[in-house]
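A.B. asks: Going by the numbering used here, 1296 is the number at position 164 of the sequence shown; the sequence numbering is gapless.
These are computed hints drawn from the structure, not numbers from a lab. Just so you know, not all the hints are guaranteed correct.
[As the list claims (entries may be wrong)] Derived Cβ-Cβ restraints for the label pairs, each shown as a range:
no., residue 1, residue 2, range
1, Pro1306, Arg1154, 15 to 25 angstroms
2, Arg1154, Pro1342, 31 to 41 angstroms
3, Val1364, Asp1150, 24 to 34 angstroms
4, Ser1294, Gly1142, 31 to 41 angstroms
5, Asp1136, Thr1360, 26 to 36 angstroms
Even for Gly, the Cβ is constructed at its ideal location relative to N, Cα and C.
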Amino acid sequence: MSPDLHTLTGAYAVDALDDLERRQFEEHLRECDACTDEVRGLRAVGATLGLAELTAVPASLHDAVMARVRTTRQLPPLADPAQDPSRVQSMLRRARVTSRALVAVAAALLVIAGGLGAIAVHEHQQAEQSQQLATQMSQVIAAPDAKQVDAGDSAKVIVSPSKGEAVFVGQNLPAVDADHVLQLWVLQDGARSVGLIDGSQPLLATGLGPDAQLGVTVEPSGGSEQPTTTPVLTVPLA
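Please model the complete structure; the sequences and the hints are all you need to start from.
C.D. replies: As structure tokens, then:
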């Protein structure tokens, strides 16, 4: 692990850290606004660069390639083909194998290119959504009536009653196995899911009334539509 955590923003943005490094760097992110902003920017730039590759191939390129194919000799000339027919057959077989291989490679490249394009679009959308979410959270934290409510050592929660929104950051929540997840709920006239808790990634709870609470439950992998267990953490927001 590099002693200078500020240099790992690029590796973190492209998911190139191992599990231990990622946990240590995420702990650093909670205390370093500069690195948080840099990671967000790197992810957005990466998505933008990916989208830049999604350029349609011009029709002229196809025509130019086909024109060269029609005028390019595929086999070298023989001094006297009739004197060495086996050589001709061998060359033809090699040509057919090479042609099939080139077609297979071309098809694979097209599949990869299409996949990368889809990934780039997805990453771009995620970057935009992350930016929008970060802006909303910043507005909650900067609201004139924003306050931190008591969640013990398990989480940090900042709520803005005027906006009816709260930012939740898990810290020392119970560990769960691979078949279960922690899910955050708004407890208000029933239960409404905020989302799955992923380490120290912040979650934004919206639509909060004056008597709303936040609750954390242990749910099956993928989450539930309604809580299936008793909350392991309940946070009154009043």
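A.B. asks: Could you run down the list of hints and mark each one as holding or not?
C.D. replies: Outcome of the hint check:
1. Pro1306 to Arg1154: 15 to 25 angstroms: 20 angstroms, holds
2. Arg1154 to Pro1342: 31 to 41 angstroms: Once the Cβ atoms are compared, 38 angstroms apart, the range 31 to 41 angstroms for Pro1342 and Arg1154 holds.
3. Val1364 to Asp1150: 24 to 34 angstroms: For Asp1150 against Val1364, whose Cβ atoms are near 29 angstroms apart, the range 24 to 34 angstroms holds.
4. Ser1294 to Gly1142: 31 to 41 angstroms: 38 angstroms, holds
5. Asp1136 to Thr1360: 26 to 36 angstroms: 44 angstroms, violated
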